[in-house]
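K.L.:
Sequences listed follow chains A and B, in order.
Heads up, the first sequence is in the working numbering, so the first residue is 345 and it goes up one at a time.
Heads up, the second sequence is in the working numbering, so the first residue is 166 and it goes up one at a time.
Check the hints yourself; a few may be wrong.
[Claimed, not checked] Label pairs and their computed distance ranges (CB to CB):
| hint | chain 1 | residue 1 | chain 2 | residue 2 | range |
| --- | --- | --- | --- | --- | --- |
| 1 | B | 255 | A | 390 | 49 to 57 Å |
| 2 | A | 366 | B | 289 | 14 to 22 Å |
| 3 | B | 173 | A | 388 | 51 to 59 Å |
| 4 | B | 409 | A | 346 | 28 to 36 Å |
| 5 | B | 267 | A | 376 | 41 to 49 Å |
| 6 | B | 357 | A | 390 | 24 to 32 Å |
| 7 | A | 375 | B | 173 | 31 to 39 Å |
[As the list claims (entries may be wrong)] Below are the SDA-like pairs computed for lysine to any residue, each with C-alpha atoms no more than 25 Å apart in a straight line:
| hint | chain 1 | residue 1 | chain 2 | residue 2 |
| --- | --- | --- | --- | --- |
| 8 | A | 437 | A | 426 |
| 9 | B | 231 | A | 353 |
| 10 | B | 337 | A | 361 |
| 11 | B | 337 | B | 437 |
| 12 | B | 337 | A | 347 |
| 13 | B | 231 | A | 351 |
| 14 | B | 337 | A | 363 |
| 15 | B | 337 | A | 362 |
| 16 | B | 337 | B | 398 |
| 17 | B | 231 | A | 347 |
| 18 | B | 337 | A | 349 |
| 19 | B | 337 | B | 421 |
| 20 | A | 437 | A | 474 |
| 21 | B | 337 | A | 346 |
For the record, the hints were derived by calculation from the structure and aren't laboratory data.
Note that the Cβ used here is the ideal one computed from N, Cα and C, for glycine as well.
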Amino acid sequence: MPALRMDFLRGHPTASVLGWTLMLVGLIGLVLAALDYVQAREELQFALDRAERQTRSVKTRPRGAAPPLALAVVTANARVSAALAHPWGPLLKELEHLAGPRVSLLGFEAQGATRQLRITAEAKTMAEVIAYVESLRLSPVSGSVVLASHEVITQDGVSVIRFSVGIAWRDAS
Amino acid sequence: MWFAERPLLQVALLEDRLVIGAAGRRWSGRHGPAEVVDLPKSDPQAPAWQPAVAALNGWLRERDQKRARLQIFLSSQLVRWQLLQWQPQLARAVELEAYVRLRFRATFGAVADSWRVVHSEPLPGRALPACAIDEALLAELQSLRSAGDTTVVSVVPYFSAAFDRWRPSLGKRIAWFGVAEPGNLTLALLHGGVWHGLRSARHDRQDTAGWRSVLPALQAQIQLASGLDLARTPPVYLVGCGIALDDRRDPGLVWLAAGSGTRPGIERMAWGI
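This is chain B alone, in the form it adopts within the complex (with noise of 0.2 Å):
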């Protein structure tokens, strides 16, 4: 019926997996089961996303979800981050807007022309956080409508949302913020909400020894880069999300949690948490 509650999905795309659950009641802040979907490794010529996206095509399809909203949530391996500084002289959205695209093609070349880019709200006098997608992907999940009368209402950066479900626990001191999944770890730099550093690293492993190995690289760029003289060293808040976790107690070293004793699994990406 028209009148009836059109479903909405949560899906997570990763470059080698696809996770998809059913928003739960907003008022019971539980969330239901997910199924997390294994992709063949993609063509290397293809896009890292389109194996996703293809095999999300095909869910649609299987379960006749012809009429649901889709939230997706993209994962660090599909979303280019960079923190710009505070230009002043650009008073107006489409300047800044122009700024930011012209950033991106600084760092990453003529590819970046192909590119979706969004950036925060801006704040005077502190640094940007911006990031970029390919912008066949969302016409990819535009199509999606394809398969009935399905929309996606929104496609939001992993991190991005792991950030604002977990901002408060930040406090107003100067600390370390990262998000760890498979292969990858994004971490920033904050300070009183200001951000000082961003940076992505890319990791071989999906053992704890992954993320492991580029933490320590990560913080010294964004601590080089900063400038910043970091005598005591910041705590770092991690949301670790499909990752395995050992018995390690490191100091300083604060994972943060969808629930109490909750595995840090995949499944979290697909709630935004």
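In isolation and in its complexed conformation, chain A is listed as follows (with noise of 0.2 Å):
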């Protein structure tokens, strides 16, 4: 039940002794939140400057020359760059144009220290898978082609018949 506190001399009623303390409180917190403030803006501009100067000292620091590597890392290196070099380009080009429009190509599976290679496929008919495979073994990439798998499947009402093939390939030239 809210008081009268009515006072001739008061004029307006003033605020309950509840209101004067919140104002108090709100005042503590802006107080504390400007503090708080002012310290992250410093440590923020500490952080800043201490970046610059280490970007300077960086800048100005002479360049030598990088460290030698190891023989071991040097081989790995080596024998990464040469398994990651071949000709990939070319050979899926090649795989792609043996496929034509009534194949369609899902995926490649290589690796490539091995040359194996296996390609999952789609066609609608049998026949087509066979003279996909036969002008897979006819290429001068193929040196061995097998066809691994096949199932029929249904895909919106169509039946196709979904195969994978493993090829171990060459290089063509």
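Bring the two chains, given one by one in their own frames, into a single complex with the hints.
P.N.:
Below, the structure written as structure tokens:
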């Protein structure tokens, strides 16, 4: 039940004790937040100054020669480079070309070091599958071609043959 | 010495009496003795408050209370009350002030132009208690400074002080709250802190028959104006101040006593309780 607090000398009723308390708490909170803000600003400025000093010292530091790599690391680098240096571009282009419009290529899984490649594809008929496998066998990029698996599946009411072919490939040149 | 604490006097002004008491220690909660000065009948042409203010002025000079601080409580005999309806379009304090002034002028006429009005803190959707006193009374109280360095720190209607003191006792259910003074009864109807009515009535008799004679009429007027259907009679919480009590047991009547076994003397008006 609100108090009347009528006083002819005060004119308008002033806020209650609760109101003054809330205002005091708010002011204290404001001061604390301001102090926190000032401290955060100082920390930010300090961090920026330190970052700038570090950048400046890196720029001014003379560049020395890189430390020599260990022999084992050099050997591993050479092996990885050799494994990744296969002519993937021409190979994939040849495989896509052989597929033509009747075979849809779904994926390749390759192991660069062993030159083994697994192709997953789909065709509407078994004859088209066999024709694609034959064209792979005749291709100069393939060493051996094996039809690893096939199955008939239904997609949107249409039956297709999904198959996978394992290839040992070689450089066409 | 200048750094000595200035005495705080609590003063009640009535038409026919002046009550002065020295405020006790705040932490003790006790009040010292109060002095009651009976006043001669005032000139019918003079303001009703004039004898009391003149007596206060003389008392301060006689007692050499030149540096006293005064808390003044006004009897309802010197205060006009109104309960004003909430006006949602009044957004600013100045507009609300003008509205309160207009309502007093509409009720009491041009004489209200020379009154000082105050109102409680406005709450959205709720009626607003407001009261008025003569501007000249305030000027006279301020002129008490001429008796030395006397300062009037507050001028509060006793009804307001008593309500603020006793409002926790009313609870949240609908109830009457009244202050019975010598020759006057001020009555309000409240429900859960919402004011539904506020009126004051004078009576001639100083005994218990006085306030009893005007209570039913005031209740009927307030109930009619509020439009409330009081199927069950709400309890009546009464602050008795300077009135005689009879032995009648009234169901639903609760006397708000200032202390156990305390006679409802006029002194409590000076304490604002």
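K.L.:
If a hint holds in the structure, say so; if it doesn't, say that too.
P.N.:
Hints and how they fare:
1. Range check, residue 255/B to residue 390/A: Cβ separation about 55 Å, and the 49 to 57 Å hint holds.
2. Range check, residue 366/A to residue 289/B: about 19 Å between beta-carbon atoms, so the 14 to 22 Å window is met.
3. Between residue 173/B and residue 388/A the CB atoms are about 54 Å apart, so this pair conforms to the stated range of 51 to 59 Å.
4. Distance hint check for residue 409/B and residue 346/A: the Cβ-Cβ separation is about 33 Å, which falls inside the suggested range of 28 to 36 Å.
5. Roughly 47 Å separates the CB atoms of residue 267/B and residue 376/A, a value that falls within the hinted 41 to 49 Å.
6. Between residue 357/B and residue 390/A the beta carbon distance is about 58 Å. The supplied range of 24 to 32 Å is therefore violated.
7. A hinted range of 31 to 39 Å for the beta carbons of residue 375/A and residue 173/B is consistent with their spacing of about 34 Å.
8. Taking the CA atoms of residue 437/A and residue 426/A, the gap is about 21 Å. The hint holds against a cut of 25 Å.
9. For the hint linking residue 231/B to residue 353/A, the alpha-carbon distance of about 20 Å falls within 25 Å, and the restraint holds.
10. With a C-alpha separation of about 22 Å, the suggested pair residue 337/B and residue 361/A falls inside the 25 Å cut-off, and the hint holds.
11. The hinted pair formed by residue 337/B and residue 437/B meets the criterion: a straight-line CA distance of about 23 Å does not exceed 25 Å.
12. In summary, the hint linking residue 337/B to residue 347/A is supported, as the alpha carbons are separated by about 14 Å, within the 25 Å threshold.
13. For the suggested pair residue 231/B and residue 351/A, the alpha carbons sit about 23 Å apart, so the restraint of at most 25 Å is met.
14. Our distance criterion of 25 Å between C-alpha atoms is met by residue 337/B and residue 363/A, whose separation comes to about 22 Å.
15. This hinted pair checks out: residue 337/B and residue 362/A have alpha carbons roughly 20 Å apart, not beyond 25 Å.
16. In summary, the hint linking residue 337/B to residue 398/B is supported, as the alpha carbons are separated by about 15 Å, within the 25 Å threshold.
17. Between residue 231/B and residue 347/A the CA atoms are separated by roughly 33 Å; this puts the pair beyond 25 Å, and the hint is violated.
18. Between residue 337/B and residue 349/A the alpha-carbon distance is near 19 Å, which keeps this suggested pair within the 25 Å criterion.
19. This hinted pair checks out: residue 337/B and residue 421/B have alpha carbons roughly 17 Å apart, not beyond 25 Å.
20. The hinted pair formed by residue 437/A and residue 474/A meets the criterion: a straight-line CA distance of about 20 Å does not exceed 25 Å.
21. Note on residue 337/B and residue 346/A: the hinted pairing holds, with a Cα-Cα distance of about 12 Å set against a maximum of 25 Å.
Taken one by one, the earlier hints fail for this structure at numbers 6, 17, listed in ascending order.
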